[in-house]
Amino acid sequence: MNRLEADARHPVRFTLNGKAVEAEAEPRTLLSDFLRQQLGATGTHVGCEHGVCGACTIVVDDMLTRACLTLAVQVDGCDIRTVEGIAPSPDRLSALQRAFRRNHALQCGFCTAGILMSLDHYLSRHPAPTEEEIRELLSGHLCRCTGYTPIIRAALEAARLATSSEETSDA
Amino acid sequence: MVQAAVRTAISCDQGKGDERPWVGRSIERVEDAGLLSGRGRFIDDLGVQPGTLHAAILRSPHAHADILAIDTEAAKRLAGVAVVLTGEQVKAVTSSLVVGVKAPVECWPIATDRVRYVGEPVAVVVATDRARAEDAAELISVEYRPRSAVVDPLGTLAREAPVLHDGFPGNLASDRTFRYGDPEQAFADAPHRFSIDVKYPRNSCTPIETYGVIASHDAAEDAFDILANFQGPFSIHTVIARALKVPGNRLRLRTPPDSGGSFGVKQGVFPYIVLIAAAARVAGRPVKWIEDRLEHLAASVSATNRATTLSAAVAADGKILALDWDQIEDCGAHLRAPEPATLYRMHGNMTGAYDIRHVKIRNRVVVTNKTPTGLNRGFGGPQVYFALERLVQRIALGLGVEPLDVIRRNLIEANAFPYRTASGALLDSGNYQEAVARAIEGGKFAELKARRDEARAQGRLYGIGLAAVVEPSVSNMGYITTVLTAAERRKTGPKNGAQATATIGLDPVGSVTVHVASVPQGQGHRTVLSQVVADVFGLEPKDIRVNTEIDTAKDAWSIASGNYASRFAAAVAGTAKLAAERVAGRLARIAASQLNVEPADIVFTRGFVASRHNPENRIAFSRVAALSHWSPGSLPDDAGQTIRETVFWTPPELTPPDDEDRINSSLCHGFIFDFCGVEIDRTTLETRIDRYVTMHDCGTILHPGMVNGQIRGGFAQALGAALYEEYAYADDGSFLTGTLADYLLPTTTEVPEPQIIHMETPSPFTPLGAKGVGEGNCMSTPVCVANAVADALGLVDVTLPLVPARLAELVRGAEPPPPSGHPIARPARQGDRQLRGEGQASLKGAPERVWRMLLDPATLQSVIPGCQRVDKISETHFRADVTLGIGPVTGRYRADVELFDLEPPRAVRLRGAAEGALGFGSAEGRIMLAPDGRGGTQLTYSYDAAIGGKVASIGGRLLDGATRVIIGQFFAALARKAGGGAAGGFSLFAWLAKLASLFGGRR
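As you go down the protein sequences, you meet chains H and A in turn.
Sequential numbering from 1 applies to the first sequence in the numbering used here.
Sequential numbering from 172 applies to the second sequence in the numbering used here.
Just so you know, not all the hints are guaranteed correct.
Stated by the list, open to error - These stretches of chain H come out as covered by chain A in the derived footprint (C-beta under 8 Å, 3 or more residues):
1. 48–58
2. 115–121
3. 126–139
Claimed, not checked - One-sided and incomplete, this derived list gives chain H residues near chain A with beta-carbon spacing under 7 Å:
4. V83
5. R101
6. G109
7. C111
8. R144
9. C145
10. Y148
Everything labelled a hint here was simulated from the structure, so no lab data went into it.
Cβ atoms here follow ideal geometry from the backbone N, Cα and C, with glycine treated the same way.
Only chain A is shown next, with the shape it has when bound in the complex (with noise of 0.2 Å):
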C-alpha cells in the first residue's frame, strides 16, 4: 500500500516538466575527478601494515613436467628472505581448490609433484621487499623431468595423447548429453543439413591493472584477513575459505574502492588470494604480490578455446528445424571454479534468437597443458555464437538466399514472450523484428550493399557480415549444475537464484548513504546508484553518497554478489531501488503523521517531502530522514526505524534445472542485431572495418552514456578478439604471446566508432526494467566481422584471429619455399621457436693459443658478464651459471655444454642444454679458427638454436636481436681482452655458455 503511493508519487513527480527522473540522464560520473588527478584507489595505491612482507612467485618453464626436486637452500639464505614455500608447504596448511565435477581430481595454486602448463607457480618467496624476493626466486633450483604436452581440445583426447590428471581419464572432466524436443526425427524429415567445424581460439580481456593481494592471518583467532581486486562471484568466497581450512566467518575478503578493469579475468585471482594467505600464514606476517604483465599473460586466466561442431536441420524455406551442437571446451590444465561454468553458462540459450525446437547437445570438458580458464566478459557467448552464427551465413549460402533472410525467418516472434526456449531459458521481453528492421533503416543497410556492390566493381575485396544475438545477464547461481546429472544434482540439493543485495543507510542529519556489493571495476556503479536512490527519495544525485567496496566480515552480501553476468544494472540497481523505496514509504508515513495527511498523499520532491495536492505543506527531507535517530519516540508506532534498511532480492524465475535438464540460466535476455562492411587489403591482407553497425535493446537504459561506453568497450575488445589477439602455444607447450607487443591489443588507430542503435523493451523481470547491456558485442563482433571476413573473400571456414597471414594461407595456400640458394630455417619441431646466425671475430694470437684458451674455464668468469661460474666436469665438457637480460626479461640458466669433432686448433662442433626459471632449449654450434695470416687468428662461427619456456613468451623478434647484440658484445670485449695482452683471452667455452643460455636446452 505504501509502496505504492511511493511508486505513484514518484511517477507523478517524474512527470513534470524540468523534474525528469535522474535515471535515463547521461550525467558526469561521481568517480571520475578522483580518477582524473592522481587520486584512485586502487589495490598498489593502498599503504600496508609496516613490517608487510612482498612475494615473488617462481613458475615453471615446462607445459607438462615432473618435479623431481627443488632445491631453495640458496634463496633462503639470501639476506632479506623471510620463507620459501613450495607445493609441499603450501598444502600443508592448505587443501584442494574445490572441482566443479564429481571426479577425484585435485586442483592446488601450486604445483604439487607435477607441472601441468608453463608459469604453473612452482615455489613463492617472501622478502622484505619484491627485488629481493624476485632475487631469491631466480637462486632457486628445481630440477625437472619433462613429459609430452598437449595443447589441443580435440588432440588431448586421442588415445596416445599424454594424461594431465589420473582422475580424468583420457582428459575428460565431463561428457554429458541433452536432448530437447525431438531431434533426430526433426533431422530425418529435413530437406536440408548443414554443418560447420569451428575452432574457437583462446583469448582474454586483459584489464591495464593485474592481480593484486594483500593478506594476513591472525594465528590467535586463526582468521584471515584479505584485501584483494577480486571481482566476485562471492561464491568463490566459499571455495577460499574451503582451502584455507577455515569457517567463512573466518575469512574477512574484502576489495579496494578502484579497480582497474576486470571484464570477468579479475574473478581468477582466486587461486592467488590462497596461494598469498597461506605465505602469510607461514611468514606471520602480511604479505602483498602484485602480478606483473608477464605473469598475467602466460598463468593468470584465460577464457577457453573451444572446438565446436554444429549441425542444423533446416526446411526449405531456410526456418530452422533442429541443432545438433558437439562441443569440446578446453579449461586449461586444472578444472577452477567455477568451470566449467564457460559452458553452461549459455545452455538455456543454444538456440540464440531463433525459435527452435528440438535441439541436442553434447558437451566435453577437457584438460589440456594450458593456463587454467575463467571468467572473462562474454563468457561462453563468443563461441557459441561464433558456431551458430556462422552456421546461418553457411545455410544462406546453400540455400541462395540472403544471410539476413535466414535471420528474419527463424527470429523468434514478438508475441511469443516471455518465451521459453527449448532449452530452458525463460526470455523475458523484446521485439527482435522491430529492431532488425530499426537497425537496417537507421544503419543503412541497402546502402552499405551498394557499397559493397561498388567495391567490388572496382575490384576491392569487400564484404559484409551479420549477427543476431541474445545477450543473457543476471546468471542464476544454479545453471553450473546442469553439468550434473539429475540424480547427481539431487544429492547434491538446489541451487538457484541470485540474491542482490542493497543497504540504504540514514545518518543524524539527514544524509543518504548507499552500498551495494556489487564490486566495480570502472562501470560508474557509484554515479547509477545516487541516480536510482536521488529520484526515490526527491534529492539529487550528488546529495547520495555511494560505497561500494565490499568487506564480507561486515557488509550484506551473498554467493551472487560481485560484478559478473553483466548483473549490475538488471539486479543490484533495481534491488537499490527497492531498499530505498522500503525507506520511503516509512518516510512518507512519518511525515504523513507530522503533516497530518495520508501517507498515499506524500510526495518526496526537491529535497523536501510534502503533500501531493498541498504542496506547501511540507517538511525537509533532512529533517525527517533524520528523525529515527533523534526522535524515535515520536515515530508513528507503524512506521518502523530508517536508519538503516537492507534489502535482498532474487528473481523467482531463477529456478534449478528440472528434471529434463532444462534450465533458465540467466534472469534477462537483451537482444543485440550487428552487421558491418569490411574492406581486406588485397596485398597486405589486413582487414578494416569500414562500417559497424550495432543495435542494442537491453531494456530500460539508466544511463545513456554508460551503457554506450560498455557497448563501445566490448566492441574494441571483440575486435582484437577477431581481428588480433590469441593466447597462443607452441605444440610443446611452450607459451608464445607472454607481452603485450606479441599479444596485441587494438589501439586509436585500428577502433573505429560504430553507430549505436537503441531499442528499450523493459525487462517484466527487473525492478527497473534494465537488462544487462556490457557483454553483448563480445559475442555478435567477431562472429559479425568472421561473417564479413568469409563474405570479403569467399571463403566458407575462417578462424580467428583473422590476422593477415592467415587470411594469407586461405587465400593464397601456404607460402611456396624460397627461390634456391637462401637456405630456410625448417623447425625441429612444429611449433618451436628457431633461432639461426653466424658470424666471424678477429683475434689476437695464434690458432693454437686461442684453441687453449677455449678450453680454460678459469679464464671465463672475466669474459663472459653474469657468468656466476664454471665447472669442468670433463675435457669436453662444461656445466656453468649465468644470468642473461633480454628485452624485459632478466634470468639465471644453467648451461650444459658438450664438445664434439674436435679438431685442434682449427674446428670445434658444441652442442649444449641450458635450463633457468625463464626457459629451456638447446642449442648447437660450430666454430672455426684460421690463422689470419698476421699472427693472429680468424674466427668463424655458426649457431642453430631452439627454445621453450618463459624466455619463447617475449617473442624471437626480441631474442633474435638480443643474441646478436649479446654476442657481438662478448667478440668485441674479447677482441679487447686479446689486444690488451691480458691473461684472459677467447673461449669457446664462454661463447657457448652464452649461447646455451640464451636459448637454452631441450632435453
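Next comes chain H alone, as it looks inside the complex (with noise of 0.2 Å):
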C-alpha cells in the first residue's frame, strides 16, 4: 500500500460517469468533498458526514459507497458514478427519475441524489423488487419531507415499467 503525506496533496484520478477526471487532494479530503469542491459535482449532497443519513450514497467499482465515509485518494482509479450520470442526456430524465417526479417523490430534494443512487444500482440487478426489499433497502437513507411512500411506490413504479418494457421489446 502506498504512504501518503499527510501534509502533502495527491493526485487523484478516476472515472466519473464515464470521464476521466484528475485533480490534487490531501490524504483527509473526505470523498464527498472532493467531490464538490474540487470537480464540481454538487449533485452528491453532504447530511450527516457520519455515514448515517445517506444523502452522500454513490456508486464506487459497481458497490453502494457513502462518499462522506471514503477519502478521496482510495478511490484512485476507480469507476465513480454519481447522480450526475443517471440521466440520458442533459434535457431527459431517467426512467427512475421520471417516476419520481410524477409520484412527487421528492419536495426539497436534498436527499434524493443518495436515494436514486440506491435504487438506480439495486433495480439494475433486481428488476422485481416487493416493496418490502426496497424498504429494506431505503432504510439506510433519511429524508425528512415526503414520508417515504411517494418513493417507495416511484421505484416500484419504475421497475414495472422497465420490465414491462422489456417484455414488449422481447415480444
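Join the two chains, each given in its own frame, into one complex according to the hints.
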C-alpha cells in the first residue's frame, strides 16, 4: 500500500460518470468534499458526515458507497457514478427520475441524489422487487420531507415500467 | 368593476369541459427535473467570490461555566488562519440581539464571559479553508470554571437552582396570567374536575441540509451582503441589522434558489448570520460557514420543551365548561427572537376544536442550560394539543364514556362560524361534526374497534387513540405582543397583520414572470404559483416562470415574508392571484379597446384574450402583454402600465391584542381529526402503527399531490416525535444525542402510509379559499399515538418519546438489579456517562524495569499516538496534550494525571482529568504488575470513567468500543516495542493519558 504524506497533496485520478477526471487531494480529504469542491460535482450532498443519512451515497466500482466515509485518495483508479450520471442526457430524465417526478417522491430534493443512486444500483440487479425489499433497501436513507411512501411508489413503478417495456421489446 | 369582469371571465372559463382550472390539479413540479439530476442550487453548491475565507466554530463542552481565559495565539500562528474572534471581538463590532421580553438581559451569538449550554460558540476561526480553520480551532485553549447546570423547566424555578441571567431572577423570563370568561365560577359549579400533568420533550425536525451562511462586508459603505439558507420570518432582518449596527438598507439578505428542508428550523440560522457577518467585517474578506451535523443537533435550535398542568371543569354529560392552563415554557439558555413566540402562537386556540367559554391561563417562560429554541414545524401546537387531547381521553375514562363521545360533545357547532374563541381567535370556517363523521365512516372506525377487541381477546396489546385539532395558519405578526401587558403594548405601538407580497412581470415578448418572498424549502411554491397565475391569464403553467429567491435589497418584502406558519397557500398564493388579476384587469381594458368590445366581455383563454360573445374576435395574450413595452402610447388612457405589478395583501382580521388580551393569533384554521390503532409487542414493547387515519379540512386544495405530501411528511416527523426523537440531556447539561445514530429519525421501515381523507371548507378570509396544511399532523399525531399507547397498556400517564425502555419502566417498573456476582456500574451522578473496563498485557522485562518506564515521560511520545507533549510536574503528577479521534469526532485534550497508593513495583492507582473542545471528564484506574515467571511482566488494569461535553453526544456505544480498541492497540504497540528491545517501553502514564484523554476528567 502506498504511504501518503499527511501534509502533502496527492493526485487522484478516476472515472466519474464515464469521464476521466483528475485533481489533487490531501489524504484526509473526504470523497464527498473532493467531488463537490474539487470537481464541482455538487449533486452529491452532505447531510451528516457520519454515514447515517445516506444523502452522499454514490457508486464506486459497482458498489454503493457513502462518499462521506470514504477518503478521496482511496478511489484513485476507480469507476465512480453519481447522480449527475443517471439521466440519459441533460434535457432528459431516466425512467426512475421520471417516476420520482410523477409520484412527487421528492420535496426539497436534498436527500434525493443518494436515494436515486441506491435505487438505480438495486433495480439494475433486482428488476422486480417487492415493496418490502425496497423499504429495506431505503432504510439506509433519511428523508424529512416526504414520509417515504411516494419514494417507494416511484421505485416500484419504475421497476414495473422497465420490466414491462423489456417484455414488450422482447416480444 | 374590471376585477369583477376578470373574475367572471375566469370562472366562466373554468366551467368548460377539459378547460378545467390548473389550480386543484396535481401537475408535475417544475422544481423536480433539476433536483433529480443533481442540478439543485443549494447554498453549498454555489460558487463564492475568489478569496472567500471559511469559518469553523469552537464550542463549549460545558453546559454552564465561566470563561476565565481564552488563548488563541497558537491558532493565530497556524498557516492559513486569517482571524480568530472570541466574544470580545464580536462584541466590539455588534450589539446584543433583541430579546422578546422586557428585561435587562443580553443575547449574543457567541459566549462573552460565560457559556450557558453545550455547543455555545466560544470562538470563530477564519482561515483559507475549512480544514485549516478546524485545525486552528483545536489549538485554542479555553480555561473554564464550571458552574452547576439546570436542564429541567420545573427545576430551574427552584430556589436553589443556578441562575443563568441576572436579568431573569429565578430563571423566570416572563410570567403572565390571563382570564377569559369566568373560569373560577365554572370550576366551582362543575360536577367534575379533571387534571393532567405533562412534560413535553425537546425535539427538532432536523432538515437534512444544515445551516449555511456566506457573508461579506463593504467597509466603504459599511454595508453587509449576506447569502443564507434562512427561511424567514423577515422580521428577523431587523434583529440582524440592529445586531450588526447598520440600518436595514445596509443589510442585503439573500437566499439561495434551493434549500434542503427547514420545517421552521432554518429561522434559527440568524445568530450565525450575525456571527459570520461580524467575522467577515473583522477579516475584511467574504466568509463562508457551513454547519456540520454535530453542530446542528447540539446547538442550532430546537422546539421548546414544556411542563404543563391542565385542568378542566366538566359537566356530567362530558361538556367541558372551563380550562385552566399552567404552562412553563423552556426556551433554553437564551431568549432568542422570536421567542417566546412558541408559547403565544397558539394563544387564540387554547380551546382547540371545542366550544369552551371560560379559560384561565398562566404562562411562564424559563431559561435552562440547553440550546436556545426557535421555530419548528407545529410551533407550539404539539405542546398544547398533547395536554388537551390527553386530557380529553382522561375525561372519557373518568366519566366511563368513549373518547369520541367527549370530542363530539364539545366540538364547535357548524353554524357558529366564523367563531370567536374565548381567548380571541376568529375561526374562519369549518364543519367539524361532518369531518368527524366522514372520518369515522371512511376510516372504518367501527372495524378498527372490532380489530382491537379481537387482538385483545388473543392477549395482544392493542390500543386506539384519537385527536381533534384546529390547525392555525398565517400568523398575526402581533400575537407575540400578547406576552406584554396592555400597558406595555400601548407604549411600544400596535403590531398586527401579515403582509404578503407578489409581483407579476410581463416582458417585451409577453411572457409572464412571478416573484414572491415565500422562501420555499421544498414545498413546490414555484409550481403552485404557475398554476394560480396560469388560470388568471388563460395560459399554461409552463408559460409562467416563477422566482422564489429573495433579495432584500431589490425585492418586495415585509416583516411577514418567509416560509413559516403555513402561510403560502393561504396568503402568498392568494396574493399572487390578486396581483395577476390586477394586471389582467388592465390587459382586459387594452384588449377591449383593440377588439372593440367592453372590458366585461373579455376572457383569457388558451393563450388568447378574446371576446366572450364572439370567441373569434381575439388577440394573442403575448401581444397584449407586450404592448406596455413597445407602444405605451397606444394604451387606453385609464389602463396604466402592465409591465410590473406588485400587490401587498394583509388580512384585516389580524388585529392586535385587545385590552383584555384577546388575540386573533392566526388568520386561518383548518381542522384535523385523527385516529389510529397501535399494537405493542409484549416482549420488546415496541410500538407498531397498525392503521392511521387522518382527516383534513384545509379549505380549498390548490395541488392535491402537494397537500398529501405535506400531510405525509408532517405525519412522518410527528411519528418520530411520538416514538423515537428526543434532544436528550444529562442532568449536568451534557448533550447526549449528537449524531443521527443517537437522535433517531424514522426510516422507510417505520413509517406506514396514513389513510388521508379530505374535506374542503373554503376560508372566507383568503383569496383562494385555501388554508395552511403543513403543520397539522405535527400537532395531532404525537398525542393521537400517545392516546393509543395509553389505551393499549392501560396507562394513565405517558411521556414522549414512547421508546421501549420508557414503556418498560411504566409497564414493568424500574429494572431490577442484576443477579449477585455481576457487578453493575452505578453512575456517580444521575445522567453521567459511565464507562468501565479491564484487561491485561504481557511485557518483556521485569516489573522493576517496567515500573521505571511507567514513570518516565521521555518515552511517552513514541508510545502514545497523537501525544504532542508531556510535562512532568512532579514525580507523581503529569500533564500531556493528546489528539484522539472517536467515531466522527477528533479532538485535542489536555490531560492532568496524578498517581496514588504507589506500591513499587507492584501496583499503582491513578486519577486523571482531561479537557478539550470535544469533552471533559474524569477517570480512575488501577494497574498491577506481576512477574510472569519467564523474566517478563504480567500487567493487569481496570478503569472507571465518567465523561461529559461534546464527546458524550456521540453516544456510549461508540465510546465503549473506541476505548477497547484504543487501549488494545496501545498495549499491542507497547508489547511490540518491548519485544524489539527498543529504549522505550510501556509507560503507566502513556496508558493513563490515553485513558484520561478519552474519557476526559470531570472537575
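Checklist entry - Which numbered hints turn out to be false for this structure? => result 2
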